[in-house]
Amino acid sequence: MLVNDMTLKIGGEAGQGVESTGRGFAQALVRGGLYIFGLQDYHSRIRGGHNSYQIRVADHDIYSHDERVHLLLALTKVAIDEHLQEIVPGGGVIYDPALSVDEADLAAQSVKAFPVPLTKIAVDQGSKLMANTAAIGAAAGLTGYDMGVINSVIRDNFGKKGQEIVEANLRVAAAAHGFVKEKYAASFPFKLKKIEAPLRMLISGNQSLALGALLAGCRFVAGYPMTPGSPILEWFAVHSKEYGVVTKHSEDELAAINMVIGAAQMGVRAMTPTSGGGFSLMVEGLGLAGILEVPIVVVNVQRPGPATGLATRHEQGDLLFMLHAAQGEFLRIVLAPGTIEQCFEAGYRAFNLAEKYQSPAIILSDAFLAHSPRALDMDALDLDVPIDRGALLSDEELDGLTERYRRYAVTESGISPRALPGHPNAVYALGSDEHDEYGQICEDVAVRTQQNEKRMRKVEAARSEMKPPQQYGPPDAELTFLTWGSALGPVRMAADILSDQGQSANIVQIMDIWPLPVDKVTSALQGAKKLICVEQNYTGQLATLVRAYTGIEVDGLIRKYDGRPMSPEYILAHLKGVV
Amino acid sequence: MLVNDMTLKIGGEAGQGVESTGRGFAQALVRGGLYIFGLQDYHSRIRGGHNSYQIRVADHDIYSHDERVHLLLALTKVAIDEHLQEIVPGGGVIYDPALSVDEADLAAQSVKAFPVPLTKIAVDQGSKLMANTAAIGAAAGLTGYDMGVINSVIRDNFGKKGQEIVEANLRVAAAAHGFVKEKYAASFPFKLKKIEAPLRMLISGNQSLALGALLAGCRFVAGYPMTPGSPILEWFAVHSKEYGVVTKHSEDELAAINMVIGAAQMGVRAMTPTSGGGFSLMVEGLGLAGILEVPIVVVNVQRPGPATGLATRHEQGDLLFMLHAAQGEFLRIVLAPGTIEQCFEAGYRAFNLAEKYQSPAIILSDAFLAHSPRALDMDALDLDVPIDRGALLSDEELDGLTERYRRYAVTESGISPRALPGHPNAVYALGSDEHDEYGQICEDVAVRTQQNEKRMRKVEAARSEMKPPQQYGPPDAELTFLTWGSALGPVRMAADILSDQGQSANIVQIMDIWPLPVDKVTSALQGAKKLICVEQNYTGQLATLVRAYTGIEVDGLIRKYDGRPMSPEYILAHLKGVV
Amino acid sequence: MVDAKDFASDVRPTWCAGCGNFGIWNALKKALAQTGLAPHDVMLVSGVGCGSKLPDYTTANGVMTLHGRTLAVATGARLANHGLKVICTHGDGDGYGEGGNHFVSAVRRNIGIVDIVQNNRVYGLTKGQYSPTSPHGFVPRTSPQGAIEEAFNPLAVALAAGGTFISRGWSGDLEHLTWLITEALGHRGYALVDVLQPCVTFNRKYSYDWLRPRVYKMQDQVGYDSSDKAAAFAKALEWGERIPIGIIYRTESRPAYEEMVPALEAGPLVKQPLRAKTLPEYEVLKQEYL
Amino acid sequence: MVDAKDFASDVRPTWCAGCGNFGIWNALKKALAQTGLAPHDVMLVSGVGCGSKLPDYTTANGVMTLHGRTLAVATGARLANHGLKVICTHGDGDGYGEGGNHFVSAVRRNIGIVDIVQNNRVYGLTKGQYSPTSPHGFVPRTSPQGAIEEAFNPLAVALAAGGTFISRGWSGDLEHLTWLITEALGHRGYALVDVLQPCVTFNRKYSYDWLRPRVYKMQDQVGYDSSDKAAAFAKALEWGERIPIGIIYRTESRPAYEEMVPALEAGPLVKQPLRAKTLPEYEVLKQEYL
Ligand SMILES: Cc1ncc(C[n+]2csc(CCOP(=O)(O)OP(=O)(O)O)c2C)c(N)n1
Ligand SMILES: Cc1ncc(C[n+]2csc(CCOP(=O)(O)OP(=O)(O)O)c2C)c(N)n1
Ligand code: SF4
Ligand code: SF4
Ligand SMILES: [Mg+2]
Ligand SMILES: [Mg+2]
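Residue numbers (the numbering used here), protein chains in the order written: chain A, 3 to 581; chain B, 3 to 581; chain C, 2 to 291; chain D, 2 to 291.
Hints were generated in silico from the structure; no laboratory data involved.
These figures come from a predicted structure and were not determined experimentally.
Treat the hints loosely; a few may be bogus.
[Stated by the list, open to error] Straight-line Cα separation of at most 25 angstroms, DMTMM-like style, residue types lysine to aspartate or glutamate; simulated pairs:
1. C:Lys6 / B:Asp381
2. A:Lys243 / D:Glu284
3. D:Lys230 / C:Glu260
4. A:Lys469 / A:Asp446
5. C:Lys128 / B:Asp446
6. D:Lys218 / D:Glu184
7. D:Lys272 / A:Asp386
8. C:Lys287 / B:Asp446
9. C:Lys278 / B:Glu405
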């Protein structure tokens with residue numbers, strides 16, 4: 003018997019409620035003091051197709067899913083066909099006997115069949131719509147999980163539909179639970195047990211990023227819907243009235259970034275979330291923010307390209323694009339969080355850095371990070387985030403201004419004190435043409451050189467403030483993984499497995515991508531005995547970047563570009579090929 | 003006395019005809035068997051401001067202007083203020099005495115004043131509008147240049163305005179010529195002398211690029227006006243009826259590239275010219291061409307950014323942007339010509355490479371190259387350009403097709419034989435989502451992997467076909483210049499000066515930028531004793547690229563980012579700082 | 002003879018059961034067959050969205066482009082090969098939102114394209130955000146404040162932009178929609194067929210039951226002159242208890258864009274050789290630079 | 002009192018002598034002074050083009066943005082600080098060509114912006130290409146075939162898109178244009194002021210002499226009801242021997258967009274603190290994830 007160390011997976015068609023069922027069960031686990039990591043997988047269609055929701059659960063914090071499934075809740079026959087191979091020997095499948103599954107197929111894989119009349123139970127105790135609730139009850143019955151927490155989740159999630167619906171769902175869950183507990187529980191070795199623990203949140207990357215941005219004082223969010231970036235816009239839309247945020251679903255992405263520039267120039271912290279395709283349309287605007295020196299935040303939640311690619315899936319293919327997007331040269335800050343906590347951090351740091359350096363800041367997230375919820379301690383996200391508005395002139399300072407305000411005053415750091423429009427002492431116009439210190443259009447050689455150098459000095463200033471890479475594991479390990487973004491989670495799990503196997507591996511994760519803190523990266527990598535870069539793209543973009551600026555070439559590259567996230571097993575399997 | 007080795011410069015306001023006057027004089031020089039290199043400099047405004055046109059002339063081929071001016075034709079007082087410092091001792095200024103120039107200022111610089119009553123001569127012999135013709139006549143008089151060729155240019159250029167206007171201009175030129183010859187010619191040591199030579203063209207980069215594209219069979223050009231790219235669209239518009247090219251000034255750049263994709267998918271060779279800002283708007287379309295595997299040609303004639311920047315000026319700031327534009331990963335070909343001849347070559351090669359690899363091809367030109375005319379032998383551009391349509395299925399091949407056509411058949415090279423829409427045996431739909439071999443939308447892991455790998459194999463196939471860097475100068479030189487684009491011209495002139503001074507320098511120019519032919523570049527650079535990269539941007543983009551892929555770090559970087567082109571003098575002056 | 006079934010492909014549409022796109026798809030296939038077009042004579046161009054997947058389910062030449070760029074790609078395709086019938090099928094978000102500028106330009110340009118807009122007044126594929134044609138007050142899951150803007154009126158805007166064939170279809174009436182599409186296929190310039198398309202999943206308001214009693218056919222309106230702009234403008238503004246379907250405005254007096262392009266006089270561009278002339282005839286171009 | 006001169010800056014306009022932009026610039030300065038606005042109360046937003054350089058020559062807050070993005074930046078600016086009067090000044094290429102989608106959206110959105118379009122029917126700054134408003138047949142230096150499309154009609158399209166203040170000005174009549182801009186400044190939503198602006202360098206056809214005898218003022222038209230959409234549509238289509246100027250359509254019945262945004266009830270966004278609530282009030286957000 004193995005307690006609190008397993009993976010549950012729910013599979014079914016789009017429209018069958020796979021996601022809400024998975025999330026509900028995950029919630030119940032978290033409320034029971036367990037740690038979980040959730041993985042979603044769905045097609046770019048509204049109904050039909052095959053979706054799944056996978057929950058890795060443990061009694062300690064975990065950073066990714068893995069490839070072993072212990073219990074499958076199959077809402078369709080396809081779910082079994084798709085996932086049978088993933089189930090460990092001794093694992094099982096809960097399904098409605100109406101699906102006409104051949105138990106022999108399961109037996110051939112040493113997988114146990116647990117047919118449960120989910121629909122019948124649902125109909126008998128409530129309504130047909132509640133079959134998923136039955137599945138949850140059945141899973142609890144099989145794993146021996148506490149029905150109290152399951153019931154609390156049912157109460158909360160169905161509460162707004164009325165007491166009657168809640169009651170019916172509770173009955174359905176109880177009936178399925180009873181049925182399974184009696185009939186099958188004894189033959190299933192993987193168990194889940196509630197433990198005492200402080201409250202925890204079940205939160206995904208998009209959500210924590212939005213929270214970080216909100217706390218940083220983001221008051222204006224414009225965007226055009228694009229998976230997987232749009233949930234951030236929607237998050238703000240839902241909270242906009244309560245927290246006084248103006249949200250705008252604009253006519254296109256060109257409008258979105260330019261609205262954000264307009265708002266930011268007025269002095270409001272403003273952001274636009276999108277994915278790579280939408281970002282492509284924002285490229286010209288990025289340069290506008292660069293030359294106007296307007297602080298904006300752009301979030302690119304990556305998905306696989308090129309073009310539409312795989313709309314609902316995962317990749318990290320946009321790194322070098324972010325660094326070089328738009329004509330000409332200017333500072334952009336690029337932060338690539340790799341964990342839910344780092345999403346929150348990036349959410350507020352981006353605003354501080356953008357305002358301090360009066361430049362666009364890009365948060366480069368990805369679908370895996372955006373969609374995968376993890377259990378987090380309540381204090382993992384400290385809402386009292388630091389706010390640094392940089393060289394922003396106060397009304398008092400402006401009151402005392404005696405000479406004509408110079409928006410683009412040439413300074414040593416390259417940063418010019420910023421006045422917001424509206425003060426009588428600092429009336430100025432600025433523009434996308436090259437300009438002089440006052441903002442007037444100017445083509446002079448000397449002025450161009452001065453202003454260009456002023457702007458580019460900010461790159462070096464920002465570079466010196468960029469954080470060193472995050473390092474994990476023993477400093478003198480035999481193997482060093484270099485990675486970024488959400489690949490970090492599977493890499494951490496892989497490193498843990500290696501160390502369980504008596505090998506030693508450590509990790510260098512670069513979150514502060516640009517301006518690349520070259521010296522810090524060099525010193526983090528210098529001691530590496532064997533350097534393996536793990537990233538989710540075809541060409542090895544981080545490895546290219548590191549070589550370009552540090553001269554360090556990695557010894558091996560583990561890549562994945564099939565639209566599905568890395569896994570610890572994938573990394574370990576491919577490690578053999580590269581070392 | 004120095005014959006056929008000098009620089010003339012014409013300076014005046016926008017609207018005064020600086021460009022047409024400069025071009026006319028340059029034309030006359032070329033018709034007289036001389037080589038010239040023309041440099042234009044103008045503001046982003048329609049009237050007023052200060053413009054200039056500089057003509058370096060010699061009896062041998064030259065690759066750039068330099069910083070010494072021998073004769074200034076000043077149409078305004080400002081022209082003298084702006085350019086006096088550039089004039090060599092013993093050089094002179096022709097101007098109308100109405101400008102009230104203080105001759106002492108000129109004398110202080112050992113520059114000779116040649117006041118000529120240009121307007122009066124024009125009014126007396128023709129009309130006020132002909133003062134520029136008088137200036138040309140005066141310049142010919144001073145330098146002793148042949149009036150026969152001057153007159154032939156006047157006849158051709160004013161021909162369509164009628165015989166009367168021609169005659170008047172001829173009179174004006176003759177009068178000014180006579181006035182100056184008598185009064186000043188003896189005191190001016192720099193002379194121009196017609197020599198016998200075959201016919202030559204006076205042609206700029208934009209023009210030769212358009213010509214190359216036309217000869218390659220480009221039949222569809224869509225674009226939105228943007229300096230300095232739009233002259234290519236205009237060139238095609240002017241020739242469209244005669245040569246059967248459909249040209250479209252579209253509603254915006256998004257439309258332009260997508261129209262080009264539509265046309266190319268139908269089977270027509272299609273192109274869109276723009277500058278960096280317009281390219282920014284085409285980024286998403288570039289990725290569409292990438293995943294659809296539609297051969298298109300995009301021309302980015304660079305100008306200084308960020309954003310609007312310096313609209314009429316010069317920079318090479320978009321190199322890395324071209325390589326990484328658009329989400330996801332796919333092949334794009336990038337050719338960066340550095341001479342007028344290479345513009346022509348890029349103009350046709352881009353189409354052949356695009357069709358062969360069924361991918362977007364980018365020609366990365368720049369304002370200096372686009373606008374600066376040079377004298378070229380007639381056979382320097384061989385119009386009989388090779389045409390390679392790649393794996394394009396003929397009607398006969400399609401007639402014989404027995405199974406369902408697979409647009410994205412997985413092949414070893416990654417290239418899938420292409421059928422144009424319209425044949426009954428090859429009816430297919432393709433799309434920007436990931437797709438299977440038939441083009442149907444497909445999210446399978448195996449299919450995604452296969453198609454992604456198929457597309458990325460084309461990168462390696464194309465890489466092996468990319469040309470090695472162009473090399474100039476002695477192989478064992480003490481100094482190697484690494485450069486690209488129009489910086490080549492000034493670098494060649496600088497290398498010549500060095501060798502005149504007894505030093506030895508050679509040059510490695512990378513025209514085939516992407517996929518970077520890594521081995522060929524490595525072997526071209528390997529022998530370099532001292533490697534200095536010369537490019538016109540702030541960050542040293544080519545140097546970064548070369549380091550990223552070859553590991554070779556340059557010993558020094560000569561950069562320029564003031565919006566004005568490199569010059570040999572600038573390179574030599576900065577060489578001291580970097581070696 | 003080609004039959005509507007010849008235009009179906011093996012791929013089963015992924016649309017939700019009851020989606021209005023089925024009606025549009027069926028009408029299009031029937032109309033194509035009735036017009037005597039074969040699959041290889043047709044080029045379907047779409048964007049990204051639920052409706053834009055139509056070419057994936059149809060046997061005909063097709064390109065599914067980027068979200069919003071449908072008309073731009075189609076314009077290039079039409080100019081490169083006006084031997085094929087170019088038909089766009091895309092959503093209201095694609096056509097009037099992201100693609101708004103191309104819409105107005107295509108109308109004005111009168112390019113020979115049949116533009117079928119699957120107007121479900123919502124963003125389907127991205128799960129229910131409001132679209133340009135969502136009415137003021139529409140409250141999607143994702144935006145509890147609801148749409149603040151007035152709805153975009155494609156018919157009125159097309160009229161103002163100089164459209165030559167402006168019509169509205171209704172996916173609940175196969176016969177009428179089939180007829181309407183055949184009329185559009187017969188038009189020489191740009192033909193707008195804006196189709197009322199129920200999205201049963203994300204836009205419950207404009208359901209079949211809501212729409213069916215409201216629509217009425219313009220061809221039944223005795224005395225309506227579809228070449229009268231003022232009358233058409235009034236009809237285009239009509240919405241609510243009564244919703245006109247059919248041809249709101251039509252004129253055949255303006256040539257299609259491609260009829261006016263000199264380079265196309267010699268036939269479809271793609272059928273012409275790469276070079277329009279012999280090599281020596283290009284040599285004269287060099288003379289321009291002497 | 003603020004005077005029109007207070008809005009001039011030290012920089013001399015680089016416009017060609019005789020350019021219609023001078024008239025627009027002077028009218029704008031006068032109108033601002035008459036309305037009692039000071040330079041710091043105003044935010045001028047423009048794009049790229051000859052006309053778009055206006056903020057560079059004017060003493061007022063300003064942003065010269067990208068070609069075509071004028072209205073998008075202005076919309077963000079207005080929503081962030083509706084305490085300032087946001088005024089756009091940009092060319093017809095910027096406003097109706099590259100920026101076409103933002104134009105239609107701004108109209109529909111009824112955002113509180115005064116949009117002055119310097120409509121010279123040509124691309125000035127890029128040297129004379131045709132613009133969306135160039136008439137069919139306009140032959141620029143760069144395109145000997147001439148414009149094939151019909152001209153874009155901004156007034157008609159604005160009307161069809163639900164505009165609430167639709168007007169045409171004429172840069173040759175300072176007094177009338179000044180008055181018109183003051184009216185636009187008084188409007189609560191989006192106010193279009195499309196201005197006939199001669200480009201003396203690249204569009205010789207629409208010269209002062211051609212335009213002056215043709216324009217006539219709507220306020221002189223007894224019985225014209227500027228709140229009648231059908232009448233306005235007819236007027237919007239009128240062009241040629243007689244060209245109406247003044248207010249073609251106006252309604253004050255629709256609130257401006259910013260009046261309907263809940264977050265703006267507490268005043269201009271930029272005047273509100275970064276956080277709308279105390280820190281503990283944000284802590285409840287974590288409860289959503291339990
Ligand atoms: C540039 C870009 N922005 C956003 C998206 C995401 N996207 C895909 S479909 C869609 C909207 C679909 O709405 P509509 O065009 O009305 O089609 P429907 O699904 O309703 O048929 C959006 C916003 C995208 N693919 N590309
Ligand atoms: C994205 C982009 N495309 C093209 C340009 C080049 N461009 C600058 S101004 C202009 C047109 C100007 O025409 P209009 O807006 O009518 O202004 P006008 O000069 O006539 O006042 C163009 C095409 C640009 N700056 N940016
Ligand atoms: S979501 Fe709506 S539009 Fe999309 S397939 Fe379903 S019913 Fe049709
Ligand atoms: S080109 Fe035309 S619009 Fe531009 S400044 Fe000159 S007259 Fe005015
Ligand atoms: Mg829709
Ligand atoms: Mg204009």
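Going down the list of hints, with the structure as the test:
At most 25 angstroms may separate the alpha-carbon atoms for a hinted pair to count; Lys6 (chain C) and Asp381 (chain B) exceed this at roughly 59 angstroms. Distance restraint check for Lys243 (chain A) and Glu284 (chain D): the Cα-Cα separation of roughly 17 angstroms lies within the 25 angstroms cut-off, and the hinted pair is therefore satisfied. Under the criterion of a C-alpha separation no larger than 25 angstroms, the hint pairing Lys230 (chain D) with Glu260 (chain C) is inconsistent with the structure, at around 35 angstroms. The hinted pair formed by Lys469 (chain A) and Asp446 (chain A) fails the criterion: a straight-line CA distance of about 37 angstroms is larger than 25 angstroms.
Taking the CA atoms of Lys128 (chain C) and Asp446 (chain B), the gap is about 22 angstroms. The hint holds against a cut of 25 angstroms. Proposed proximity of Lys218 (chain D) and Glu184 (chain D) is supported: the alpha carbons are some 14 angstroms apart, at most 25 angstroms. Proximity of Lys272 (chain D) to Asp386 (chain A) is assessed by CA-CA distance (about 21 angstroms); at most 25 angstroms being required, the pair is judged to hold. Our distance criterion of 25 angstroms between C-alpha atoms is broken by Lys287 (chain C) and Asp446 (chain B), whose separation comes to about 54 angstroms.
Taking the CA atoms of Lys278 (chain C) and Glu405 (chain B), the gap is about 37 angstroms. The hint is violated against a cut of 25 angstroms.
Checked against the numbered hints given earlier, this structure breaks hints 1, 3, 4, 8 and 9; the rest are met.
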